[in-house]
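Chemist: Chain by chain, the residues run as shown.
Protein chains: 2
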Amino acid sequence: MERPADPGASLARLPGKDPHNNPGDVSVDFPVSVVLPAGGTGERTGLQTPKQFCGLMGRPLISYTAQAFERVSWIQCVVVVVATESLALMRDIAQRYRHSKVRVVPGGSTRHRSIRRGVQALREPEEQVGAGTPKVVIIHDAVRPFVDEDMLSKIAMAAKEHGAAGAIRPLVSTVIATTSEGYLDHSLERAKYRASEMPQGFTYEVIHQAYQKCTDYDLDYGTECLHLALQYCGTNAKLIEGPPTLWKVTYKRDLAAAESIIKESLSQSSCVLTGDCPSALSLAASLQKAFTTQHMDLDIIPNLQGDHANYLLKEWNFIQISVNGSLSEVKALLASLQAAERALLNPVVVVWVHLSGADLPSIGETATEPAAISDLASP
Amino acid sequence: MERPADPGASLARLPGKDPHNNPGDVSVDFPVSVVLPAGGTGERTGLQTPKQFCGLMGRPLISYTAQAFERVSWIQCVVVVVATESLALMRDIAQRYRHSKVRVVPGGSTRHRSIRRGVQALREPEEQVGAGTPKVVIIHDAVRPFVDEDMLSKIAMAAKEHGAAGAIRPLVSTVIATTSEGYLDHSLERAKYRASEMPQGFTYEVIHQAYQKCTDYDLDYGTECLHLALQYCGTNAKLIEGPPTLWKVTYKRDLAAAESIIKESLSQSSCVLTGDCPSALSLAASLQKAFTTQHMDLDIIPNLQGDHANYLLKEWNFIQISVNGSLSEVKALLASLQAAERALLNPVVVVWVHLSGADLPSIGETATEPAAISDLASP
Ligand SMILES: [Mg+2]
Ligand SMILES: [Mg+2]
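Chains F and G, in that order, are what the protein sequence lines are.
The numbering of the first sequence is the working numbering, which starts it at 23 and goes up by one.
The numbering of the second sequence is the working numbering, which starts it at 23 and goes up by one.
Careful, some of the hints might be misleading.
The list treats identical chains as interchangeable, and a pair is accepted whether it falls inside one copy or across any two copies.
For lysine to any residue, the following SDA-like pairs were computed, each having C-alpha atoms within a straight-line distance of at most 25 Å [as the list claims (entries may be wrong)]:
# : residue 1 : residue 2
1 : 274       : 315
2 : 285       : 71
3 : 123       : 105
4 : 235       : 209
5 : 123       : 256
6 : 274       : 262
7 : 274       : 81
No lab work stands behind these hints: they were computed from the structure.
Just chain F, with the same shape it has in the complex (with noise of 0.2 Å):
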């Protein structure tokens, strides 16, 4: 995998991570809120629970998705918009994992009619948070949990200036249409058309006005936002390729998909603290340096003081060296990842490595530390 030159950029891609600092925070500068149907039934899975409540590693699809809109800061509000049974569940997730963005509206009942219900509610002062009518609306689907705030900003940018604005994907198959006695009629030439995706994103005018003057036969069996948009206000969506993460979980195998890629971006960087010692120190070069040969990000920094206490709130594993034989770094470490309540959203690692050698003070603790260990990873 190609390392970019600003590892900011890369955190922003990652599951939980907060992308301080991207350069998306400069050119997002208007309101954008978010709207996303969870109300499918999952039918394609073969599983009971819909699949925006399926866990992965533990925590709720939709949960992940809801996050990665919430940790973008120049958005507003995501409207959530659910069947009517599954209003408390939602409401129950959104509570747990402290989504503070997040307002719950019961849907409609297709697709179009949610959506709408849910651009609505973006309207009504109970449902807005800060400044009201938002100038975007993204549009996008609680089964792809891992949109970036790059594809975001791209998306809101482009539905300000044009109207509206729609991801797209290169088509994995041949396209071909098909003659009503199921025979091949002919095939499409591929590099001319396109898979649409998700986000998708209008002013809210465009968005409000397409929901007005659309037909009941279009909120029934529409499909296509775009096509609304196109139709009912004249405007000819910006399309922009995405990545292919964007794929929508659809099938019980998807599942296992996005939690593979889950465990990845989680275990993919990791943040050591050395104290002052120079031997800590040294290790955790030797350490970085094989990180880097694996493709992995290791930042060093001493302690969680000042402004090295934002790795709390990005970072998921924890390396702390200790030189002193002595247990109250880890302690101090555990005791500040409790506080954030880091690991209510993923698992957080912490490995404690415990350093000693002729040139450093013994140890006189030895024994009594591996119930001291369990002791702590209790809680």
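Once you've looked at the hints, dock chain G with the ligands against the given chain F.
Modeler: For chain G with the ligands alone, kept in the frame of chain F given last:
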């Protein structure tokens, strides 16, 4: 998951099951061979190894695909076409996993050139297994490991009748036409189009003629064999709706998805060996009831003698119930499994259930058993 009335039909869909007595056997009474282009470099997975050679539970993906064809009795020969640099690797895989129907041939510079080479190879005496040139050639992708006999039989029959046949799936995304400036031009009416997938089938005549007549441009830039059959032979392929598991392993995440399917199907059925003791039979009946509520399949047999020996070839999970406290039955089972080389293709799980109670003979060897069992497990 729905359980079909005929367990034979369900067995055929599971990896590693031999579909004895499948309805497909009756209808396909003409020679069919397979061309499996496997020359892809897999750049989209982000892995160094081309995806067809990536391990799923330790075994290369291509071996699962080859096995899916080999276990179908009416398929004669599977020509795997690989890049020159992969010839040795593929021959090694074919030998290691005992792919007796597989012939490995070097490919061309594009997918079409490789398929053409595979089709030609089916005529060459040294590539023929049994009967000469086949009536029908099935073309499939190395990276679609879950094709089942039912689908293969439908494709072969339709190809024989209509000259060409291909698997289709509903479109998962809306397909849109773009303007040259990157804006939405129009979206296609989803109901009129399908995604063209694999497998595809052709009479030898049609596919041979199509590759004789087509241009260098087709061979270099074309993607669809169905299109060549239409353009150069005037054959409108019959289209057959396939199951979602026909999807193509494309990205790294798809490897995790494929592995989850294999694990699930391996764990869906089991075979319990009871001997003759009534208490073992009654335990087996209770187990069977419990399995059924979990939509799992449990067959009860006394032992592996006579016709029951075929369980050795189609089952991956065995439960041996012993009531006499002796290791002899489970030892015999392990010896049979080793002789059949079952663990070559998938992990074999053997559970030994030791039934003891007041009405059973007393057990004299309890203390020595754990050691004896780990001895048995070590080979
Ligand atoms: Mg849409
Ligand atoms: Mg083709």
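Chemist: Take the hints in turn and mark each one as holding or not.
Modeler: Structure-based check of all given hints:
For the identical chains of this complex, residue 274 and residue 315 are inter-copy neighbours only, at 20 Å across copies versus 34 Å inside a copy, given an alpha-carbon limit of 25 Å. In this homomeric assembly, residue 285 and residue 71 come within 25 Å of each other (Cα to Cα) both inside a single copy, at 22 Å, and across copies, at 21 Å. Taking the closest pair of Cα atoms, residue 123 and residue 105 come within 25 Å of each other only inside a single copy of the chain (20 Å); across copies the shortest separation is 52 Å, beyond that limit. Taking the closest pair of Cα atoms, residue 235 and residue 209 come within 25 Å of each other only across two copies (19 Å); inside a single copy the shortest separation is 34 Å, beyond that limit.
Proximity of residue 123 to residue 256 under the C-alpha cut-off of 25 Å is found in neither arrangement, the shortest distances being 32 Å within a copy and 59 Å between copies. For the homomeric pair residue 274 and residue 262, the shortest alpha-carbon distance between copies (23 Å) is at most 25 Å, but the shortest distance inside one copy (28 Å) is not. Taking the shortest Cα distances, residue 274 and residue 81 sit within 25 Å of each other both inside one copy (16 Å) and across copies (22 Å).
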